[in-house]
Amino acid sequence: MKKILLILLFVHNIIFSELIIEITESSENLIRVAVVQKQQATKIGDLVVGVIEQDLKRTGEFEVLTKDQMLSIPTKESEVIQRDWLLLEVDAIIFLDIDESRNNLDIKFLIYDVGYKDISDDGKVLGLPDSLRQTSHFVSDEIYKYFYGIDGVSATKLMYVTKNENIHRLIISDSDGFNEQVILKSNQSIISPTWSSDAKDIAYVSFENNRAQVFLHNLATGKRESILATGSTVSSPAWSPDKSKIAFSSTMDGNSEIYLMDLRSKKINRLTDNKAIDTEPAWSPDGKKILFTSDRSGSPQIYEINPINLVKRRITTVGNYNARPSYVNKQKIIFVHRGTESFQIAALDLRTREFEILTSTKNDESPCIAPNGNVIIYSTKEGELSYLAGVNISSGVRFKLPAIYSELKEPAWSPFLR
Amino acid sequence: MKNFLIFIITVIFLYSCASTNVVEVENREATTVDITQSEISNRISNVGLDLGEPEIKIFFDYDEDALSEKSLVDLLEISRVLKDNERYTLLVEGHADERGTREYNLALSERRAKAVEDFLVSAGIIPVRIEVVGYGEEQPSDISSNENAWSKNRRAELFFVR
Chain A
0 MKKILLILLF VHNIIFSELI IEITESSENL IRVAVVQKQQ ATKIGDLVVG VIEQDLKRTG
60 EFEVLTKDQM LSIPTKESEV IQRDWLLLEV DAIIFLDIDE SRNNLDIKFL IYDVGYKDIS
120 DDGKVLGLPD SLRQTSHFVS DEIYKYFYGI DGVSATKLMY VTKNENIHRL IISDSDGFNE
180 QVILKSNQSI ISPTWSSDAK DIAYVSFENN RAQVFLHNLA TGKRESILAT GSTVSSPAWS
240 PDKSKIAFSS TMDGNSEIYL MDLRSKKINR LTDNKAIDTE PAWSPDGKKI LFTSDRSGSP
300 QIYEINPINL VKRRITTVGN YNARPSYVNK QKIIFVHRGT ESFQIAALDL RTREFEILTS
360 TKNDESPCIA PNGNVIIYST KEGELSYLAG VNISSGVRFK LPAIYSELKE PAWSPFLR
Chain B
0 MKNFLIFIIT VIFLYSCAST NVVEVENREA TTVDITQSEI SNRISNVGLD LGEPEIKIFF
60 DYDEDALSEK SLVDLLEISR VLKDNERYTL LVEGHADERG TREYNLALSE RRAKAVEDFL
120 VSAGIIPVRI EVVGYGEEQP SDISSNENAW SKNRRAELFF VR
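Taken in sequence, the protein lines are chains A and B. Going by numbering that gives the first Met the number 0, the letters in the first sequence line up with residues 0 to 417, in that order. Going by numbering that gives the first Met the number 0, the letters in the second sequence line up with residues 0 to 161, in that order.
Some clues are possibly wrong.
[Stated by the list, open to error] Pairs of lysine-lysine residues, derived as BS3-like cross-links and limited to a Cα-Cα distance of at most 25 Å, are as follows: (1) B/151 to A/162; (2) B/151 to A/380; (3) A/287 to A/199.
[To be verified] Pair ranges (Cβ atoms, derived): (4) B/127 to A/361: 40 to 46 Å; (5) A/253 to B/82: 23 to 29 Å; (6) A/267 to B/120: 24 to 30 Å; (7) A/69 to B/147: 55 to 61 Å; (8) B/160 to A/253: 19 to 25 Å.
FYI, nobody ran anything at the bench for these hints, they're computed from the structure. Ideal placement from N, C-alpha and C gives every residue a C-beta, glycine not left out.
Construct the entire structure; sequences and hints are all you get.
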């Protein structure tokens, strides 16, 4: 029995080989660090160090010293010979104290600032059995926050859709592409996956009944239900931040309009009413406004509506194709913008009206924002292959998740998982 | 009241003393749902039936749902067949090319199918005999990324259900 299980695991790994993230453009100001263990190095300790080093490198904002580059390997702060580390131009040494004594793996860490000889407060991450990678990711995120003042996103998850030989898979993986879990496997398209604010449920559009329908899906149990069984298209789901409502688009009244469903009473409110296409609703972080795409002016443009009093205003004015909006924060939005020849991801500051094109690839679609509001992942296409690419707003770091599937699309970044 | 105040002060004090920032990992396992073998659950329409090749295809311009003159001639012929065969119904599937966002394309593709329906209704066919569905950019007839493929993919496909 054990043998069969092992073989199954092995096959599973072949089919779903993990995504590899490739940095295509690094930050100009890299922070140089060394990651060391406070005790005698162990096998597990080395694994933890490896995950954290990879996490930091993957941000494109850190440079990590290898053991060979170090002149000495301190196991506590008092052993640090400042001169050596200044010579190596190291900004900080990260000390890990890995406790394997419980069944769970716990990691304590502190950051030694080489220049100032300053030591950070202790941080501690309490793990679960078999959570070595996730526990390490939380440490990476604390380290990231110490240096950049923004929460790291190593310990978050990504959801995306792959297509291989006409099988569509909705997949959730760690943000580094490891631990892929297939959530839904279908013969028909799956689009517009989205997370609830507590990351316990998701919503998406499935064509499994040959017509677009919105499903709500509990991740732990796999229990799923379609929100509305009308004979018409129901699409583009978006959970309200408090998880009590779902905004969606439907053609149940003739053409595509935006609706709001209260998930407890199942009561539906219609938010838009005109002959144009209204779709792609997206909630503001405070749940008070909804962005959507409408072609009521003759071309797709982005509008904002107050779901209580239904007051609307047009947001985008530059260009003749602006769609699929989402809020980065209360003040900034991102969306798909058509330039002279190609579709790219753009950002607009709602207060200053500053407009900026963020991506340098073509055919860019489905932008989603990391929960720290600073990294965007989107899908793009080269030839017949679609794959995911990303950009860090503050540092300008660019990366891609190369296509190992024939198609990789519709990314959705999870909220923080704590 | 006094006790309450002391309690608050104590809590704040304890909180500010705690220099260790503790994070706990949560278990987030998920279940796989495989529906590749399952039947369509709500067969309430002709959508999804295997109806073979479409009777005709109507093509559209980029981001447009307007019917060309040639399409109008083809659709008049379709309306004649429907009038001559009162038991026939019609399924109209709308499609879009890959450019632009998936959700907008879904709505656009359905609007194309609806434009076909609206014309047939104006030609005297009762609406209950026509069913429309939008597939967006999900079912391209040519998967290449060039103008030739896109022009083939911006289409409505019409099927008689006999």
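Hint-by-hint comparison with the structure:
1. B/151 to A/162: 22 Å, holds
2. B/151 to A/380: 19 Å, holds
3. A/287 to A/199: Roughly 23 Å between the alpha carbons, so the hint for residue 287 of chain A and residue 199 of chain A holds.
4. B/127 to A/361: 40 to 46 Å: 44 Å, holds
5. A/253 to B/82: 23 to 29 Å: 25 Å, holds
6. A/267 to B/120: 24 to 30 Å: 27 Å, holds
7. A/69 to B/147: 55 to 61 Å: About 58 Å separates the Cβ atoms of residue 69 of chain A and residue 147 of chain B, which means 55 to 61 Å holds.
8. B/160 to A/253: 19 to 25 Å: 22 Å, holds
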